[in-house]
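In order, the protein sequences belong to chains A and B. The first sequence: position 24 = 24 (my numbering), numbered continuously. The second sequence: position 48 = 48 (my numbering), numbered continuously.
Derived by calculation from the structure, the hints in this document are not laboratory data. It cannot be assumed that every hint is accurate.
[Unchecked claim] A few chain B positions that, by computed beta-carbon distances, are all more than 12 Å from chain A: (1) Ile126; (2) Ile303; (3) Gly317; (4) Leu319.
[As the list claims (entries may be wrong)] Chain B stretches covered by chain A per the calculated footprint, using a threshold of three residues with CB under 8 Å from any CB of chain A: (5) 189-200; (6) 203-214.
Please read these numbers as outputs of a predicted model, since none were measured by experiment. Beta carbons: idealized from backbone N, C-alpha and C, even for Gly.
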Amino acid sequence: MALLKLEEVTKRFGGLVAVNAVSLEIDAGEFVGIVGPNGSGKTTLFNVISGVFFPEEGRVFFEDKDVTRLPPFKRAPLGIGRTFQIPRPFASASVRENVAVGAMFGVLGPEVNVNESLKIADQIIERVGLQEHRDKQAGTLTPVEKKLMEIARALAMKPKLLLMDEAMAGMHPSDIDGMVAFIKNLARDEGIAVVAMVEHIMRAVVGMAEKVIVLDQGSKIVDAPTKQALEDPKVIEVYLGHPPEE
Amino acid sequence: MKKDTGKYLPLIPVFAVYLVLFLMGKNMSGMWQLMAMLLFYCALGQAFNIFLGMTGYVDFGYVAFMGVGTYGMALSIVHLAHYEVLGAWVIVIGFIMAILFSTILSLAVGAVALRLRGAYFAIATIGVNEGFRFLIEGARIWNGSEGLIFMGELNQILGREAASVLATFWADVMVLVIAALAAAVTLVYMRSKIGYALTALREDEDAAKVMGINVTKFKIVAFVTSASFAGLVGASTWALKTPYVFPPEVFEIHYTIEAIIIVLLGGAGTLLGPVAGGLIYGLSKYYLSIFLPGFQLLIFAPIIICIIVLFPEGVVGMLKKRLRDTALGRYIV
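So here's chain A without its partners, still in its complex pose (with noise of 0.2 Å):
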C-alpha cells in the first residue's frame, strides 16, 4: 500500500496549466527528491498535496483515504506535515511555542494536552539543536534557525509524510550535509516518508534520496530510482538544453 498516491492531477489556474496529469506513488518511510527548474509546477503539487489547493482533474490518496477535498486542517492530523519555501514562523511566539503548536494540532493532538505538548517541542527543539534559542522569539531567529525550526515544528506533528518545500536553499554548503544527515536519520528512525523539492539536482538530493521525480512544465518526465533519474537524457534536457544537433 502506497502512503500517498496522486492519480491524473491536474491543477490549472485559468489558462495556465500548472500540475499537468501527475500520477505517483510515495510509500512509507521512502525519502523522494522532487526536482524541476522554476515553475515546473512543484509548489503547486506541494500545495495540492497539502490541500492549499484541490485540483480541478484527479484525485489524492493518502492511506487509501480519498482526501482530494479534504481542507489542509484536517489533513495535518492524519499525518500530512509540510515547511515552507520561505520559513513561515509565528513570529511573536518563542521558538517552543511555535513547536508546541505542531505537537498540539497535529497526529498527537487528540492526545495531548498543552502541558505534554511542551515536553514534546523540547524534545524536539533539543534534537534539531536549537536548544539555545529555544526561548527566543521566533521572528528574531536567523533564516537557518528559522529553517530548522519549521522543519522542528513539522516534525512535532509526527507526521508519516513530510514535505520539504526547498529546505536546503540558501544554506551553506557545509551546513546541507549536516542538515541532510540528520534528515535522513530522523527519517529512518521516526519511520517518515520525506518529499524533498528542489529547485536544482544538487548534492543534497542525490545524497538522501532513493527516488528522483523530476517535473518540467507541469508535467512528470521521469520518476526513477536516483542514479538513473540522474542519467536519463530528459533529465538532462530539462537542466542543460538539447544536445547539439549533428
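Model the placement of chain B on the given structure of chain A, informed by the hints.
Then chain B, alone, in the frame of chain A:
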C-alpha cells in the same frame, strides 16, 4: 506540577489595578464617576482584546454587540417587571438575555464574515452596526427609534431607593466584575490550545492551517466570547446606569473606535494591555476635557500618535519584551 503554580500569576497586576480603582472611587469623594468611567474603558478593552488582540482581526461593528446586550437587559426589564415573583432576578435574566443576544448576533456575523481575510473582514463588519441600527429603527423592532424607557419598571422591581443605588453604584461594580471575568477568560484562553491556535492564526493563517488548525472555528470562538462580554458591558453600563435605550446612542461607531484605540495603546493580545490602554485613554480624555475643553481631540491625536510610534506593540507589549527574562516577566503577559 511546579510549572502550574505560576500559571495564573499575571492576573495579579490586573486585579490589583481594578481593586485600586474601586477603592479610590469608593473612598475619595467625587472620584466615583471618574473611576467608573475608567473601569468602563478597561472592561471595553478587555472584552475587545479577546477578539482584536488575540486574532488580529479588526471588527468595526463591535459596538453592535454592546447595543444588543443593552437591548437584552432592557427588554427583560420592560417585559418581566410585572411578574412580581421574579423580583430582582429580572436583572439576572437580563444579563442572560444580553449574553444570548450578543452570542446569536456574533454567531450570525462570524459564520459569514470570519471566512473573509483581514481587511475584507473589517470592511464587511462596518455594515453590521449601521445595518442593525437601521433595521431596528426602520422595521420598528423593539419600539424602533422611540427606544425603550424603563425607569418606572426598574423602580417597580427594586423600589426607588435601590434602583437609584443600582444606577449610581452597583452597575459600575458589575462592570468591574465583567472586566475581571474577561481578564480571567483571556488568560485561560492564552494558556490553553485556543490561545496557541489564535497566536498561530494571527501570525500566519496559511501556516496555521497546514499545521492542523481549524482557523475558522477558533476565530469564531474568540469572536463569540468577545461579543458576549461586550453584551454584558452594554447591559450593565448602558441599560442599568441609564434606564433607557435609543438606537442611535447604543449603535454609535464612536465606541468601536475607542475600543480599538484602547487595545492598541495598551498592547494587542496582552493581558494587562487593555488595562493600561483603558487608563491612558480614560484619564487623557477626562483631564483634557477639563483643562482644554474643545481642544481635547486636537491634543489627544498627537498623544496617540506618539505612543503608537514609540511603542508599536503597545505600552504593555513593550514592557513585556523588556521584562521577558526578569522576575517581573512572569506577571506580565
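To see whether the hints hold, each was checked on the structure:
Under the 12 Å C-beta cut-off, the non-interface status given to Ile126 (chain B) relative to chain A holds; the minimum distance is some 27 Å. With a cut of 12 Å on Cβ distances, Ile303 (chain B) stays outside the contact zone with chain A, its closest approach being about 26 Å. Once the 12 Å rule is applied to beta carbons, Gly317 (chain B) is inconsistent with being away from chain A; the minimum gap is 9 Å. For Leu319 (chain B), the condition that its CB be more than 12 Å from all CB atoms of chain A holds, with the nearest at approximately 15 Å.
For a cut-off of 8 Å, the count of residues in the region 189-200 of chain B with a CB near a CB of chain A stands at 7, and the three-residue condition holds. For a cut-off of 8 Å, the count of residues in the region 203-214 of chain B with a CB near a CB of chain A stands at 11, and the three-residue condition holds.
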